[in-house]
Amino acid sequence: MKIYEGLEIIDLGLYIKDYKALVISDLQIGLEESLTKEGFFIPKLQFELIKKRLSSIFNKIKPDKLIINGDLKHEFGFINKQEWKETIQIIDFIAENCKEIIIIKGNHDVILEPITNKRNISLVDYYKMEHICILHGHRIVLDSLNSKILIIGHEHPAISLKEGAKIEKYKCFLKGYYDDKILIVMPSFNMLSEGSDIMKGETLSPYLAQNLFDFEVYIAEDKVYKFGKIKNLK
Amino acid sequence: MISLIEKQYSEREIKAVLNPILKEWFFNTFKEFSIPQLYGVMEIHNKQNILISAPTGGTKTLTAFLSILNELLTLSEHNILEDRVYCVYISPLKALSRDIEKNLQEPLNEIKEIAKKYSKDIAIRIGLRTGDTSTNDKSAMLRKPPHILITTPESLSITLTSIKFRDLMRNVKYVIIDEVHALAENKRGVHLSLSMERLEQLNPGFTRIGLSATIAPLEEVARFLVGYENEKERNCKIVDVQFIKKMDLKVLSPVPDLININHRELHHSMYSLIDRLVQEHKTTLIFTNTRSATERVVHHLKEKFPKKYTENIGAHHGSLSKSLRHNIEDRLRNGELKVIVCSTSLELGIDIGYIDLVILLGSPKSIARGIQRIGRSGHRLHETSNGRIIVLDRDDLVENAVLLKNAIERKIDNIHIPKNCLDVLAQQIIGIAISDRINVEDLFKLVKKSYCYRNLERKQFDEIIDYLAGKYVSLEYRNIYAKIWHDEDNGMIGRRGKLGRVIFMTNVGTIPEESYVKVKIGEEPIGSIDEGFLERLRRGDVFVLGGQTYEFLYARGQTAQVRTSVNRPPTVPSWFSEMLPLSFDLALEVQKFRRLMEERFVHKRTKEEILRFVDEYLYVDKNGANAIYEYFKEQYSYLKEIPNDKKLLIEVYKDPERGTYFIFHSLFGRRVNDVLSRVIAYAVSRLQHRDVEFSINDNGFYIRGNKDVQVLRAFKMIKSNELRELAKLAIDKTEILKRRFRHCATRAFMILRTYKGRTKGVGRQQVASTILLNAVRQLNENFSILQEARREVLEDLMDIGNATIIIKAIENGEIMVKEVNTNLPSPFAFNIVLQGYSDVLKIEDKIEFLRRMHQKVMAKINT
Numbered sequence: 001m002k003i004y005e006g007l008e009i010i011d012l013g014l015y016i017k018d019y020k021a022l023v024i025s026d027l028q029i030g031l032e033e034s035l036t037k038e039g040f041f042i043p044k045l046q047f048e049l050i051k052k053r054l055s056s057i058f059n060k061i062k063p064d065k066l067i068i069n070g071d072l073k074h075e076f077g078f079i080n081k082q083e084w085k086e087t088i089q090i091i092d093f094i095a096e097n098c099k100e101i102i103i104i105k106g107n108h109d110v111i112l113e114p115i116t117n118k119r120n121i122s123l124v125d126y127y128k129m130e131h132i133c134i135l136h137g138h139r140i141v142l143d144s145l146n147s148k149i150l151i152i153g154h155e156h157p158a159i160s161l162k163e164g165a166k167i168e169k170y171k172c173f174l175k176g177y178y179d180d181k182i183l184i185v186m187p188s189f190n191m192l193s194e195g196s197d198i199m200k201g202e203t204l205s206p207y208l209a210q211n212l213f214d215f216e217v218y219i220a221e222d223k224v225y226k227f228g229k230i231k232n233l234k
Numbered sequence: 001m002i003s004l005i006e007k008q009y010s011e012r013e014i015k016a017v018l019n020p021i022l023k024e025w026f027f028n029t030f031k032e033f034s035i036p037q038l039y040g041v042m043e044i045h046n047k048q049n050i051l052i053s054a055p056t057g058g059t060k061t062l063t064a065f066l067s068i069l070n071e072l073l074t075l076s077e078h079n080i081l082e083d084r085v086y087c088v089y090i091s092p093l094k095a096l097s098r099d100i101e102k103n104l105q106e107p108l109n110e111i112k113e114i115a116k117k118y119s120k121d122i123a124i125r126i127g128l129r130t131g132d133t134s135t136n137d138k139s140a141m142l143r144k145p146p147h148i149l150i151t152t153p154e155s156l157s158i159t160l161t162s163i164k165f166r167d168l169m170r171n172v173k174y175v176i177i178d179e180v181h182a183l184a185e186n187k188r189g190v191h192l193s194l195s196m197e198r199l200e201q202l203n204p205g206f207t208r209i210g211l212s213a214t215i216a217p218l219e220e221v222a223r224f225l226v227g228y229e230n231e232k233e234r235n236c237k238i239v240d241v242q243f244i245k246k247m248d249l250k251v252l253s254p255v256p257d258l259i260n261i262n263h264r265e266l267h268h269s270m271y272s273l274i275d276r277l278v279q280e281h282k283t284t285l286i287f288t289n290t291r292s293a294t295e296r297v298v299h300h301l302k303e304k305f306p307k308k309y310t311e312n313i314g315a316h317h318g319s320l321s322k323s324l325r326h327n328i329e330d331r332l333r334n335g336e337l338k339v340i341v342c343s344t345s346l347e348l349g350i351d352i353g354y355i356d357l358v359i360l361l362g363s364p365k366s367i368a369r370g371i372q373r374i375g376r377s378g379h380r381l382h383e384t385s386n387g388r389i390i391v392l393d394r395d396d397l398v399e400n401a402v403l404l405k406n407a408i409e410r411k412i413d414n415i416h417i418p419k420n421c422l423d424v425l426a427q428q429i430i431g432i433a434i435s436d437r438i439n440v441e442d443l444f445k446l447v448k449k450s451y452c453y454r455n456l457e458r459k460q461f462d463e464i465i466d467y468l469a470g471k472y473v474s475l476e477y478r479n480i481y482a483k484i485w486h487d488e489d490n491g492m493i494g495r496r497g498k499l500g501r502v503i504f505m506t507n508v509g510t511i512p513e514e515s516y517v518k519v520k521i522g523e524e525p526i527g528s529i530d531e532g533f534l535e536r537l538r539r540g541d542v543f544v545l546g547g548q549t550y551e552f553l554y555a556r557g558q559t560a561q562v563r564t565s566v567n568r569p570p571t572v573p574s575w576f577s578e579m580l581p582l583s584f585d586l587a588l589e590v591q592k593f594r595r596l597m598e599e600r601f602v603h604k605r606t607k608e609e610i611l612r613f614v615d616e617y618l619y620v621d622k623n624g625a626n627a628i629y630e631y632f633k634e635q636y637s638y639l640k641e642i643p644n645d646k647k648l649l650i651e652v653y654k655d656p657e658r659g660t661y662f663i664f665h666s667l668f669g670r671r672v673n674d675v676l677s678r679v680i681a682y683a684v685s686r687l688q689h690r691d692v693e694f695s696i697n698d699n700g701f702y703i704r705g706n707k708d709v710q711v712l713r714a715f716k717m718i719k720s721n722e723l724r725e726l727a728k729l730a731i732d733k734t735e736i737l738k739r740r741f742r743h744c745a746t747r748a749f750m751i752l753r754t755y756k757g758r759t760k761g762v763g764r765q766q767v768a769s770t771i772l773l774n775a776v777r778q779l780n781e782n783f784s785i786l787q788e789a790r791r792e793v794l795e796d797l798m799d800i801g802n803a804t805i806i807i808k809a810i811e812n813g814e815i816m817v818k819e820v821n822t823n824l825p826s827p828f829a830f831n832i833v834l835q836g837y838s839d840v841l842k843i844e845d846k847i848e849f850l851r852r853m854h855q856k857v858m859a860k861i862n863t
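Those protein sequences? They're chains A and B, same order as listed. Residue 122 in the numbering used here sits at position 122 of the first sequence; the count goes up by one each step and never skips. Residue 277 in the numbering used here sits at position 277 of the second sequence; the count goes up by one each step and never skips.
Keep in mind that the hints were calculated from the coordinates and are not lab data. Mixed in with the good hints, there may be bad ones.
As the list claims (entries may be wrong) - Each computed DSSO-like pair below joins lysine-lysine, with the alpha-carbon atoms no more than 27 Å apart: (1) A:226 - B:856; (2) B:282 - B:308; (3) A:162 - B:738; (4) B:756 - A:85.
Okay, chain A solo, but in the shape it has when bound (with noise of 0.2 Å):
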């Protein structure tokens, strides 16, 4: 469906019809390793379920260009075990499909180089393409003020469905302003957990400061539906 022109949301991903780009957002490998380094002994299932959800949206579309919107992997100041080895078969993996990797840094990658080295990947603050910037959210970027939409991950929106007793949380698109630039909030592309609900009105990217009961809600199932506001869900 479209989100905006040029804009499409497909699976959990966000294509950028011009550039032939795919964007995906805060896959957080590496996440039940980190889990169970804590005491939550979480079973490693996520680098199969990613690989069979990217599988199924390359089946739909080809892009050129893959972009990772931040946090590629979970771990901030090191790289753990699990994460040395999948996300360098994920990049392989998207490697086969696309022939462009560009990976932006979010707050989780302080160290990714080692691993982007490896492949000769570019790893970037932000990324522009005319104008739309993409960039992980987790903080302001001067440079990204001058354009005119812009696409960030970070806050893994989900939104929270309710009737009567009954509720249920699904992963979802926002679309809204930041200022007067359009503003689309990109879902995770993590598979195991469920996204934190904007429902609450407590939001991390200071992009998000702002009118987010105003937002737009897409949520990307079996197909994209299109909500309307947020405030008018509540």
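Add chain B to chain A, keeping to what the hints say.
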């Protein structure tokens, strides 16, 4: 064999075996042996396993210790007392352990004094080891081991896992389990039952002594205490002196007419009544059932009678800090308090000094609990226990009148002992593997010696071994996930990794952690709700707390602000619930009373005749009898039907706005109703493919749907042999299962609360547990720990067993099902429709729900 001791021993017989020093001390202190002592002392002296059931103040503890002290004294006299533990005393409460230490140390000092007179040196030592014991004290204990070790179930299992301490336990001769009734009914008891077998493995044949308040059936509790040897129950003698204390019990209503009165007046009268009772007595103990009500009662008493209740009133419940609780307990013992209000926390036998009246606000929900609570007054055996139950509505009145009848007639409801708990099994196997290498065949035999696992299937046991050996993840990662070392070739298991022991010691136990936030109206505390529950609340939501409905406004920090909600049904299911469930046996007794009443109405007995019957059958005053008569008469006049134990009444009531209510007058207690309502809702939703809302309480439940909802048809489709399978499906998407999975995963060490020196909060645990549950489900829907969570919900939280019995009774015609249509809910249906906690059965999958919500929202936007 389990057998009741019929005959008391004579004083002469006991005196004959007592060491002269002990004898001198005893008769310096007491005039004569108490009844429990006349029954029990000799049996323990003869090394017989024994269960002693007696009320508080029943001299149980000394009965248990007398023969043991006697033996230790003689050994010490002859200088052959070794440096090791002879007796382990286990109590469920740290506070109780401290009491016992004190209450044992004093006599011991006195005995030592007497011994000195005869130039004898007595060197019996007592040691206390609980979670609060410092490392220093623990190592001191290793150097100079206590002969009597006082501990808790958790600390016992740590003791058995620690290399050095374990050696001191190799010749334990006696184990005393205090308050065994409070342990047997939950997973702490299950855990303890395995620790007992671990101890048995170290020194076979030690004597087991169980001390219990009022409980039934004593035979089952005895089996729990002693376990099995070679698949035969070990011997145990039972001393049953539950009813030696006299009881003066009354059910009181604050007003003569419970129906034509508004909430405010009723509450005003209730507090006046409490005040009057308190003023007429020296010290009163009030039980409220919930933490929230405890705070509320203290608050209102202080507010309404500011001069009477100041420093002399105290609250006691589980959420108070340790120091605050100790402070209250001390003031109570020192006689500084006029009234103490507690939730359930003072049920157990910690020494609370002189209490001459117990008030129960609201039903204790089981006969045994009622007797236990009331038994807290009149601390000595010859004193009378005074108990007053204050009721606030007519269902309460009937329930408690029947409860009182059973208490007076000594009919006690049956305890439920959890069985085959796989999470507890996993934890204990980790403990066993840390301390020793053991063959899995031997391990299986060891486990099956516990009463709680005697029917454990080999398959389930093997699944737990597989889980612990990390077989649910690929070989490559197994070393991270495995909890034990398992050599499949020779069937041996053992310790894995260096951290194992520390992890065990810091995570041992079965009590689930919860965190609560306060609920307030302005500054007035209403109660507390679980943090996880708060997560689900949105502004305007209506929820049930302590039987009242409230509207949620907002949350700030650790406080949720609400307002009393006017006549709106709950919008959020209270899957957490502090409320005690009505016991099944008491429920059946209430139903039986309903039947006897219906028979009298059917036979057109006069008001006088029926009142006389009520007066004879129940033990209520005139007001009470009248109120009960009026209540039943209203019901009978309105419907010509009174639901009872032989007749399940289903009332179909069409509300013009809210749709059709199918009200099941299934007075079986909420544990059974939880199963029945969910299964019916599930059957309906499967039949018609739509979510169904339902609401339950102890007296029944309703299912609500739109006009064409086919509840009766669905109900008829349910077969007793499919009930468990259906119930399993019906609970699969519930919050309660998620939450219980967290508890089970924590007990099985899939989630470690404390790891590498860090302790995680409940919120963090729940987040990780949700991820874990997602992952486990993708691996295997029947993963052992998930299975256990389902079992816990169905068997321990709910009551699938008795629910099956009910459905069977309907199938074979013992219970007749009768449907009636009403324009307004009948009097008996009022409380079911009004309060109760509601939930919704989700049948639509996530995507179907999404589609429907999408259409709904679009329709709203486009108009």
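Would you pick out the hints that fail for this structure and give their numbers low to high?
-> none
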